[in-house]
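Just so you know, the protein sequences line up as chains A and B, in that order. This note's numbering numbers the first residue of the first sequence as 1 and each following residue consecutively. This note's numbering numbers the first residue of the second sequence as 1001 and each following residue consecutively.
Keep in mind the hints are simulated off the structure, nothing from the lab. Computed from a prediction, not measured in an experiment: that's the story for all the values here. Be careful, since some hints might not be right.
[As the list claims (entries may be wrong)] Ranges between beta-carbon positions, derived for each pair:
| id | chain 1 | residue 1 | chain 2 | residue 2 | range |
| --- | --- | --- | --- | --- | --- |
| 1 | A | ASP57 | B | LEU1061 | 47 to 53 angstroms |
| 2 | B | ASP1008 | A | ARG299 | 15 to 21 angstroms |
| 3 | A | ILE387 | B | ASP1008 | 47 to 53 angstroms |
[Said to hold, decoys possible] Far from chain A, by Cβ distances over 12 angstroms, these chain B residues were calculated:
| id | residue |
| --- | --- |
| 4 | SER1023 |
| 5 | ASP1131 |
| 6 | GLY1188 |
| 7 | ALA1192 |
Every residue, glycine too, gets a C-beta built ideally from N, C-alpha and C.
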Amino acid sequence: MITVPPNHASAEADGIDASARCPLGLLTAFALLWLVVGGALALLSLLQLHSPGLLADCAWLTYGRLQAVQETVFIYGWAINAGLAAALWLLVRLGGDGLRGANYVILGGVFWNLALVLGLVGIAAGYTTSHPMLQIPRYVQPLMLVAYAAMAVPGVLAWTGRRTVQTYATQWYAVAALFLLPWFFSATQVMLTFLPMRGTLQMVVATWYAQNLISLWLAPVALASAYYLVPKITGRVLPGYDFAIYGFWALLAFGTWMGGRHLIGGPVPAWIATVGIVSSILVLFHHIILFVNLRGVFRPDGSTVLIFVAIGILAYLLSGMVDAIFATHVLAMVTQFTYFQQAQQQLTLGAFSMILFGVLYYMVPRLAGATWPSVALIRAHFLSVLIGFVLLVTSLGMAGWVQGRDLNNAAVTFATIASHTRPWLQLAVVAQALMLLGNLLLAVHCCWLLCARFAPAALSRTAAREVVVS
Amino acid sequence: MSSPSPVDPRVEKTALTDEGLISVHDNVAAGKSDAGGHYRMLPLVLLFVFSGLIIFAVTYLNRYSGHFRGNIFDERQLPSNGPVVVAKADPLVLGKKQYGLACVTCHMPNGLGLPGIYPPLAGSEWVAGSDERLIRIVLHGLKGPVTVKGIVYGTAAMPAFGQVPGSGYNWSDEKIAAVLTYIRQEWGNTAAPISTERVAELRAKAGSRKEWVEAELRQLP
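The following block holds chain B by itself, in its conformation from the complex (with noise of 0.2 angstroms):
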């Protein structure tokens, strides 16, 4: 339909009226019957086409959108599903913090304690001693006067720390264990680190009790 003649470009020609234009093109939206069976290639490519993007959008979708969470920042670390696998920490460092949290009060960051008041934790003998004693003092707490490395402290109590009634701490085993191991190994005292299943096994074994007594912990092994 288009002439071969040179196109003024002063001025473009048109070659359709506004109410034509709509109307053809209506009509091909429309859509016409199709009697003469003519087979048209188009809508199927297209239908094949959009579908390929859509499947491979799907894909696309389900493993890098990270569920959908507002947690997960990097779309190729999913979320598991399986059981939960939490890093086990470092017990000095967890013991440390514990220390820090708490002990450090009275204890003091230097394990001294305060002269008369708190017993020391460094060199005391309670601490590089039994472990079964020193688990119970934090696991129930140490109520009354107590002898450390000659001196008797009488005046202040030890709170319990331990998942036990009455606790206002209710600290996990494993921190228990952490922290103690922690003060085993700090300020010079060495004695062997304590296990997260010796202070589990110890708080199944006393069950619910108040504070220990120095004469109690002492008949312990």
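Next comes chain A alone, as it looks inside the complex (with noise of 0.2 angstroms):
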């Protein structure tokens, strides 16, 4: 193993976090605000998976029209926020220089969450799209991409404007997304808002949407945090790096084949279907890769960054295996268009808020320049998230392969399938509890923080006192 000089520095990088602390802050403001608001919408729509009564005379929030408004909300609000935030600051970091174009990111982020606001009351009010994972409605779909464009130019000035010649696996996977992203969403706004497709053609496209923005959005992003966390904090060089680049190749050439997998059986040549059958086994090869480097993450040492990190990448690598292993014919056919897709969303989507946990608790004291305030809070949040995401996904698989069994049986009645998941399902929303009350604690902790940092006359006089009956 290759020996790294220990780090002198503890406060390295002062200036250049001060840099980026307005934007980068006000993009994780809004990102834990959705967070939170995303938490509590997941919970009343799931309330009303087995309790179809609850709100039903309330237009805008019937179950078709919340179901698409938190699922809006987790990806534009918490995932897009906050994965820009560590996007923006880990290119900053690498780059070696100041994060500049620091208006941009404002004023890109104002508008992103302004046009998002608009966009969830247009879903309420049931201007829908329709489409999974693109449910914004079309008056909206123009202002986000340039909104995003706006966040996006620090990084890319970041990129341009680096320090040393040489790149890390971080910077190439950060940098991937960042212009991914306006690529596939500009090309579907086309093809499926302002010169819609015919016919079929619309459900093809879509999936490609909703896959691109797990396979080239949300994977890299993550994964440039994981890169970057784990040799940083245990200080041992990846082992195996030399080929992380066939690992980030294979992600971004097989994994934007993959979501033709959701359409077999579908009205669409088999070829489609087949295709995403196949990249779904191809793309193992980037997890192959991802588990040889990152493997360091399971021997945490104690550190809760870590820790969050390594079940963040278990959870990615299970979901790819999953997706692998559930494509196939035999498999599809009992799990497709029953909970277990949902199983399998919430494990890939909560993979990547665990790694954004992790790089959230590294990233913002050294942002804000002022350590976690409390270790209990960081344990709270860690254990409620932690049982939250495994029972949640468990739930909803089981829910999901009761429902897909009993489908194919034409002797059980849609009543008897309902009564048989609705034990899973009140298992989901305990679970989807457990995760907004840790999500709620991380949202405290971190305007305890702020207090803290940004108003210490008021604390500073408060601890007197505190030394004072003490």
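These two chains come separately, so use the hints to put the complex back together.
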């Protein structure tokens, strides 16, 4: 193993972090806000799955719209805000220079979230597009594209203006994510929204988009973070790093084709589904290299950040395997169109969130220039999110398996199927409530950190009083 | 390198600077000289794994891609490369369809024609009688007066339906055989069916000619 000289500067890169404080802090704040809002909405929509009478009189909060709203909040509110904050910070850190073009991030961030609010109101009012993961109405889609482009500018500047010629895996993944989203987002807008294609072609484009969002944006951003945090905290050089580049290209080359596996048995030519199945098997090469490189994360040496990342990586590897195995015909016949697919999606999104939590715990104190105030809150957040995540994926997976098995049996009535899945869905509600609680703790903790850092006068007074009391 | 001392989760310690992170990994990626002759298993294993995945993928694609055709929706049903086998149509079904396409305009759905203008097919001695005469009428058409069930019809002409010069329809022998089989068994008619081969044989024998007249037909067997 190659030894690494220990780090001398504990407060390294202070100037860089200070330049990124305002814009990236704003994105993080938006992300946490949406995370809590999305969690509450997800809880409501899960409750409606087994208590259909809940809020049934309120058109804006019926299941169909609420589900679309919570999915949009999670992806466009939490994932993209937090992911961009992480990706920009990593690029700026590795670029070795301060964040340039901070105003682009602030302007873009404000407009992105404004557009998101408009879009959510639109969905709730019934103007959704009906394409999974792209439910925002057509009138905000171009605005979101422009706002995203503005937010990505500092990332591109940090990449082109980097101090070292050599690059690192984190930079490849982050830059790829920054550039790929505008490509497939704009292409999809043309093909689905402004010059909609004929009939079943729309379905093909919609699954392609949803898969790209996961394989070409969420995954690269999460992996960029993992590739940064693991050697940074452990101090060990990644084993087999010379193969990281193949893992990177394998994800880009095969990931984008995987969407077709959702169309098995659909009204599309057979090769579309077959190519999707084959790609989800080929992309396992990426997962293998990822495991080889990042296996050090499973020896976290007590680092909370690395424990979060380890769970995220584990979930990511698992989701890759589940995607490949359950894409095959025999199993897809049972799991397609059931809660099982939701479980698969939650596993993938949960992997992303876990890694992003790790980044936040590492990044926020450096951005703010203050330590987290409470160890107990970090532990509480970790435990509730971990238990909630495992419970949610297991319960939805079991509900989906039961549902799929019963649906293929003509003798079982729909009412019986519903009663069979009910206990699992109730468990899912508990899981979602736990995650909401955990994320609420994270948001509160963040506020506390900010108060402690930026309102020192008030706090020092309380501290002084405590000293007197004790 | 990691110290066993408890880690403070309130701010994670950093073990590596950003510049150090990039440079040590860049050195790894650039590869070192193999002076020591150290044998690494990893490249070989990855090569095998990737080859295995590729072989599986290509085999799977080859078997289940439906040859990338736009009109194949079931990946387990491959297009055949041998001679095209066309399912034999039921002559009564095909005949009824053909009848509905053209004949029905004059001979009517009930096969009774129009009194004084178009002769009937139901109970007609021409339909039930000589198959040669019947086939020739449909192949080449019929002009001039014709007596059916004792009544003379003379104002309308029957067009040629076969694949013969001057025909506006160009129906295949199979379609003609089917429509004749149909009219010979519909509306209470009970004559024998007519085969495609018989139609083909008569069409070859007659060659190129104009519409028949009744007198010519009556000389045929």
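Check each numbered hint from earlier against the structure, then list the numbers of those it violates in ascending order. Going through the list in order, the structure violates hints 3 and 4 and respects the others.
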